[in-house]
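Taking the hints into account, I'd like the entire structure generated from these sequences.
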Amino acid sequence: MAAAVALSLTGCATINKADSAKTGSSASVAKEVPTAKVLYDAMRKNAAAAKSVHIKGEVTTAGKHMKIDIAGDRDGKNTRAVMNDGTVGAELLTVGASTYIKADAAYWAKNGSAAIAKMAAGKYIKIPAGTGTDDLKVGKLLDGVFAKDLPLAGLLQKVEATDLAGVPAYVLTDKVGGENGKLYISADGQSNLLRIVSVKSNPGTVDFTDWNAVEPMSAPAASEVVKIPGLS
Numbered sequence: 000m001a002a003a004v005a006l007s008l009t010g011c012a013t014i015n016k017a018d019s020a021k022t023g024s025s026a027s028v029a030k031e032v033p034t035a036k037v038l039y040d041a042m043r044k045n046a047a048a049a050k051s052v053h054i055k056g057e058v059t060t061a062g063k064h065m066k067i068d069i070a071g072d073r074d075g076k077n078t079r080a081v082m083n084d085g086t087v088g089a090e091l092l093t094v095g096a097s098t099y100i101k102a103d104a105a106y107w108a109k110n111g112s113a114a115i116a117k118m119a120a121g122k123y124i125k126i127p128a129g130t131g132t133d134d135l136k137v138g139k140l141l142d143g144v145f146a147k148d149l150p151l152a153g154l155l156q157k158v159e160a161t162d163l164a165g166v167p168a169y170v171l172t173d174k175v176g177g178e179n180g181k182l183y184i185s186a187d188g189q190s191n192l193l194r195i196v197s198v199k200s201n202p203g204t205v206d207f208t209d210w211n212a213v214e215p216m217s218a219p220a221a222s223e224v225v226k227i228p229g230l231s
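With numbering that gives the first Met the number 0 applied, the sequence shown covers 0 to 231.
Bear in mind the hints are in silico, worked out from the structure with no lab data behind them. Honestly, I wouldn't trust all of these hints.
Below, a list of computed lysine to aspartate or glutamate pairs in the EDC-like style, where the Cα atoms sit at most 16 Å apart [said to hold, decoys possible]:
no. : residue 1 : residue 2
1   : K50       : D72
2   : K66       : E90
3   : K157      : D72
4   : K122      : E90
5   : K55       : D209
6   : K50       : D74
7   : K139      : D74
Pairwise CB distance ranges (calculated) [unchecked claim]:
no. : residue 1 : residue 2 : range
8   : A113      : P167      : 48 to 56 Å
9   : A47       : S97       : 24 to 32 Å
10  : V32       : G143      : 54 to 62 Å
11  : K226      : A61       : 28 to 36 Å
12  : T34       : S112      : 38 to 46 Å
13  : S217      : P33       : 38 to 46 Å
14  : A105      : E223      : 14 to 22 Å
15  : K36       : V224      : 45 to 53 Å
16  : E31       : A120      : 29 to 37 Å
17  : P33       : A113      : 53 to 61 Å
18  : P33       : V94       : 37 to 45 Å
19  : P215      : K36       : 16 to 24 Å
Beta carbons: idealized from backbone N, C-alpha and C, even for Gly.
This is how it looks when you write it as structure tokens:
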């Protein structure tokens, strides 16, 4: 699932989907709206320099609807990633040099055995550092999306002032008047990416919050950790 998350986020800016944000004038947004290029370049620069972020949303990849909730620092030493593809769910938690996995019974039945599912469901298992987590490092996810120009970037034609959950923002769309690919960027002078909305190959909506402000993770209590032969 980790690889699927990385793939879906890399492709999610090429798609589009209707969302609940209300576009229109905002008293908190300057009347003179910046150009798409100015906003996009500032957003990419900030994302490249970001030390941490919280990424949360739903994306469909290869026909599977996936829910993701990833918060952490760029190098992956302080990260919690929760994923669910509709059939199984799992959490990867990295605190310093220690990495843990916690999953539901369906995950362990599919990737282990009924016996492991009985022992491990809902518990943390310590695994070798880096195992299965490289694709979920915030730095890798951000670089995968922004290292090169998004396909969407060359099609941006319109910028509008909007409110996203009460937060003043700009929305960049790739087709005037259509429910197409959108990028929401904060209008507070920081130009932080707030949301990507897409609909083509990987339809979904992904929100970005807590830029450079993700709190440190805590290791699970000893009572929450189990040892499984061959896994820990």
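We went through each hint and held it up to the structure:
1. Among the hinted pairs, K50 with D72 is consistent with the structure: their alpha-carbon atoms are about 6 Å apart, no more than 16 Å.
2. For the hint pairing K66 with E90, the CA-to-CA distance comes to about 12 Å; that is within 16 Å, so the pair holds.
3. Only pairs whose Cα atoms come within 16 Å are accepted, and K157 paired with D72 is rejected, the gap being roughly 32 Å.
4. For the hint pairing K122 with E90, the CA-to-CA distance comes to about 10 Å; that is within 16 Å, so the pair holds.
5. A threshold of 16 Å between alpha carbons decides the hint, and for K55 with D209 the separation of about 11 Å falls inside it, so the pair holds.
6. Restraint check for K50 and D74: satisfied, since their Cα atoms lie roughly 8 Å apart, inside the 16 Å limit.
7. For a cut-off of 16 Å, the pair hint linking K139 to D74 stands: about 8 Å separates their Cα positions.
8. A C-beta distance of roughly 52 Å is found between A113 and P167, which places it inside the suggested range of 48 to 56 Å.
9. For A47 and S97, the Cβ-Cβ distance of about 28 Å falls inside the hinted range of 24 to 32 Å, so the restraint holds.
10. V32 and G143 have their C-beta atoms about 29 Å apart, which leaves the hinted 54 to 62 Å range violated.
11. At about 34 Å, the CB distance of K226 to A61 agrees with the hint of 28 to 36 Å.
12. Our hint of 38 to 46 Å for T34 and S112 is violated, since their Cβ atoms are close to 57 Å apart.
13. Between S217 and P33 the CB atoms are about 40 Å apart, so this pair conforms to the stated range of 38 to 46 Å.
14. Checked against the hint of 14 to 22 Å, the C-beta distance between A105 and E223 comes to roughly 19 Å, which is consistent with it.
15. For K36 paired with V224, a C-beta distance near 50 Å keeps the hint of 45 to 53 Å intact.
16. For E31 paired with A120, a C-beta distance near 56 Å fails the hint of 29 to 37 Å.
17. At roughly 57 Å, the beta-carbon separation of P33 and A113 lies within the given 53 to 61 Å, and the hint holds.
18. Hint check: P33 to V94, Cβ distance near 40 Å, so the stated range 37 to 45 Å holds.
19. Taking the beta carbon of each, P215 and K36 are about 37 Å apart, not inside 16 to 24 Å as hinted.
The structure fails to meet hints 3, 10, 12, 16, 19 from the earlier list, while all remaining hints are met.
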